[in-house]
Amino acid sequence: MRKKISKLLVKSLNKESPEFKEQSNKEDIELKKHDISTQYEQNLETFKSIFSVPLNSDVKVREFTIRSLNRRAFIIFVGTMVDLEHIKESIMEKLLGNDQRSAKIQDIVSFPMEKTATNIGEITDLISGGVTALFVEGDSECYLFETTKLHGRSIEKSDNEVIVKGAKEAFNENLVENVALIRKKIKNENLIVESQNITKRSKNSVFLVYEKDLVNDELLQMIKDKLAALNTDKILDLSMLEQYLEERPRSLFPTILYTERPDRAASFIEEGHIVLLMSNSPSCLVLPTTFWAMMHSPEDHYLRTPYGNFIRLLRFFALFVAIFSSPFYIAITNYHVGMIPPDLLMAIAGSRERVPFPSIVEILMMETGFELIREAGLRVPSPIGPTIGIVGALILGQAAVQANIISPIVIIVIALSGLSSFIIIDGSMNFAIRLTRFLFVFSAGFFGIYGVMALFTIGLFYLVSLKSFGVPYFAPMTPHFTSSKDLLVRQIPLKEKFRPGYVKPKDMVKQRKG
Amino acid sequence: MESGKLGKREYMSIAILMIGAKATDSNPALLYSKVQNAAWMVPLLSAVIFFVGLFLLLKTMDLFQGKNLFSVIQQLLGRYIGFFLCLVIFLISSFGISFDSRTYTNIIRSFYFTTTPNLIIYAVLMVLGAYGAKKGIQNIGSVGYLVVFYVVLSLFFALIISTQDSTLQAIFPIWGPGKLEILKQSSLKITLYAEFFLLTMLIPNMTSIKEFRKSTWYAFAFVSFQISIAILIFICMFDTSLKGIGYPFHTSIGFLSLGLYLPNVEILFFVLWILAIFVRFAAFIYLNALMFGHLFKINDHKFLIPALTTIYLLIGSIPENAIEVSLVFKQAITNISGPTFFVISLLLWFVALVKGEFKHAKNRNGM
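Same order as they appear, the protein sequences are chains A and B.
Going letter by letter, the first sequence gives residues 3 to 516 in our numbering.
Going letter by letter, the second sequence gives residues 68 to 434 in our numbering.
Don't take every hint at face value.
Computed, partial: chain B to chain A, Cβ under 8 Å [claimed, not checked]: (1) G74; (2) R76; (3) Y179; (4) F180; (5) Q205; (6) L325; (7) Y328; (8) F345.
The set of hints was computed from the structure by calculation and includes no laboratory data.
Every residue gets a Cβ at the ideal spot worked out from N, C-alpha and C, and that includes glycine.
Work the whole structure out from these sequences, hints included.
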């Protein structure tokens with residue numbers, strides 16, 4: 003009943019989608035369903051029209067005669083996406099220069115990767131992706147050579163997830179190199195790199211990377227179905243795909259791990275997770291993800307156990323400091339004054355004496371100021387970068403205190419919470435913490451500690467109900483699953499025997515004896 | 068672990084938070100007013116008495132694998148008597164939750180937010196309970212499990228530092244007003260454990276009744292121990308003045324200090340205590356909605372939660388002041404609910420015995 007009413011409401015609010023004056027491309031779509039003909043002229047005509055040659059300046063068509071066969075032929079490729087040297091050496095020179103009579107193209111051309119196709123649509127897609135197509139007079143098939151060569155930056159250090167000990171390399175925009183980065187860490191024939199086309203217009207494809215003998219088939223199928231069900235024109239980047247895939251795109255908290263570190267991706271694959279890669283994205287998505295994965299850093303494992311656990315506990319402590327320091331300040335100064343030791347109370351009261359604002363306004367001003375400095379520091383061109391620090395520290399800190407706009411203790415509180423928020427390395431989680439902090443500030447202003455704890459409990463209820471591809475957010479702690487207990491603290495590596503039970507891997511136990 | 072099922076850890080956390088919280092409300096003072104310095108024995112003795120009832124109840128429930136309490140009652144006692152009994156249980160538990168929630172509101176108001184209107188504190192508490200209940204029992208259990216360690220640790224920490232200011236001699240004379248009186252009060256105060264009776268509604272949410280039984284016994288033993296220890300320490304700390312103190316836990320944490328520098332640390336304990344209370348009421352409201360849904364054949368019992376919560380809020384707002392709550396309303400519920408649930412447990416077992424259900428089960432197993 004409720005659903006019906008809400009549907010009616012939605013219907014009455016949303017008018018029918020407006021009509022646009024569109025140009026039909028029915029003919030083009032129809033054309034792509036056909037196969038190529040054996041007629042040389044017709045093929046040439048078809049592909050020239052599809053690729054709008056000569057309007058399209060980087061699509062190259064080269065006509066010639068294959069001497070050994072004495073037949074006319076043409077190749078077509080997108081000049082900006084191919085390796086021209088390679089085409090010249092192993093395709094053109096061979097075709098033109100070969101004198102010996104031979105019937106098969108495969109025997110003439112020395113290019114290593116070759117396949118054939120007949121469907122016009124398929125061939126068109128491949129050419130758009132940088133493949134060179136060879137059409138020979140009288141042949142009903144077209145020969146395709148994977149000559150793709152894209153330009154991009156080389157493998158560099160990880161910028162956003164910095165660690166001291168351990169591998170430094172990060173994913174870059176080149177998909178082939180990204181796959182190679184994972185492959186060189188997992189030298190196993192069961193590592194599958196499966197590609198799936200997900201968009202209709204730009205034909206973006208996603209690569210699913212997983213280990214065949216570990217991954218749970220239902221989970222894999224679920225992800226594949228979800229990818230197949232995406233009905234969009236274009237998804238250019240992995241970070242866009244992340245939003246399409248998430249169960250709750252409006253939620254403050256992320257449910258998919260986005261990392262730029264291949265070592266991290268490899269370790270998740272080894273535990274039975276699925277990693278998504280996309281060309282043009284210097285990162286990967288790890289599915290499914292839990293709260294713990296967001297809070298952990300690869301360095302927790304690279305460091306020796308006590309040191310690793312130390313920084314991990316420090317991070318959890320920082321999480322609480324980042325969220326609660328400002329709200330606690332407000333709650334204690336406004337509602338629970340008795341809690342502060344008398345001397346400290348005097349000091350706080352003394353410093354607040356000449357400040358005209360209530361403490362919540364002070365905190366909100368400084369929090370906003372801090373967020374501004376942070377965002378500005380990120381966007382500012384690097385030559386003027388250092389000025390931001392000076393402006394921030396000097397103007398917003400010292401001058402504000404001297405002008406009696408805020409009290410010095412607020413600066414300490416804000417600096418503490420701001421500093422702590424940097425320790426949470428996952429970008430999305432970082433945002434989640436920063437935003438929830440504002441909610442906590444308001445709840446503290448409204449109702450002191452009681453309000454803070456009420457909001458905290460709501461948050462907990464909300465978080466435990468979150469699911470990432472069917473996996474509860476706090477698994478394997480609660481609900482309980484068998485795992486290596488790599489949660490608040492980690493074990494020594496020898497004791498980490500199990501893969502996490504929540505991904506239901508085919509092989510639970512690592513390094514099984516015998 | 069099967070998806071959608073309540074794990075044993077989560078169930079135990081709910082049980083410990085729901086019943087263990089009783090050491091921190093007006094119960095210790097109520098007990099003290101009846102049996103003076105033998106009050107710490109009452110939880111243990113009541114536990115022994117209630118154990119009999121619960122044991123027989125679980126034995127009976129064992130015959131109906133995976134059925135909840137209300138299904139079992141209706142199956143054993145027939146449609147009409149069964150319905151009537153279930154209604155009685157639901158009503159008792161409804162009044163229980165109303166006055167209980169009011170008690171906790173009073174605690175929060177009188178100790179921490181003395182100038183805030185009662186209704187607002189109460190409304191926040193109930194809205195939170197409703198939100199949690201709406202998320203379902205698995206999620207309540209998960210939150211419970213996340214907080215239970217810290218809550219129990221903080222309680223024991225508070226108790227341990229309370230011993231600094233207490234004298235052990237306060238427990239003498241050890242039998243208080245006399246053995247008979249202790250026994251009488253113990254049998255009346257089995258209400259302390261009444262929630263275990265209601266928690267049998269959750270059996271279908273667990274993977275097996277065996278798991279449920281085992282977790283129940285663990286939680287039961289722990290909770291009775293916890294309440295008893297807490298009362299013992301309150302007696303040692305406050306001695307005869309405990310009678311006049313409404314909520315000894317909060318009085319004692321207000322009294323505590325960590326060294327000379329931190330004189331008032333009650334907020335630290337309050338933070339964890341309030342977490343436990345939120346989980347407790349979320350579970351309580353969920354159970355009541357579950358019972359109501361079962362009584363009137365409403366499958367989507369989650370939709371009932373807001374309405375029920377509002378009603379409880381209104382009932383809980385009836386008493387004019389805190390004294391009235393704890394001395395009139397809560398006293399009445401306390402004296403009724405435990406013994407009623409105990410009698411129902413015995414009755415169910417007896418009916419099952421007379422009907423020969425145990426024999427049937429044995430035969431079935433034998434075959």
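Verification of the supplied hints:
For B/G74, the interface hint holds, the least distance from its beta-carbon to any beta-carbon of chain A being 5 Å, beneath 8 Å. Interface restraint check: B/R76 against chain A, minimum CB-CB distance 6 Å, threshold 8 Å, status holds. Because the beta carbon of B/Y179 sits about 7 Å from the nearest beta carbon in chain A, less than 8 Å, this interface hint is met. At about 6 Å, the closest approach between the beta carbon of B/F180 and any beta carbon in chain A falls short of 8 Å, and the interface hint on this residue holds.
The restraint placing B/Q205 at the interface with chain A holds, with a minimum CB-CB distance near 7 Å, inside the 8 Å limit. Hint status for B/L325 relative to chain A: violated, with the closest Cβ pair at about 10 Å, above 8 Å. Given the 8 Å rule on beta carbons, the hint for B/Y328 holds: about 6 Å separates it from the nearest Cβ of chain A. Checking B/F345 against chain A by beta carbon gives a least distance of about 4 Å; that is within 8 Å, so the hint holds.
When the structure is compared with the earlier hints, a violation turns up for hint 6 alone.
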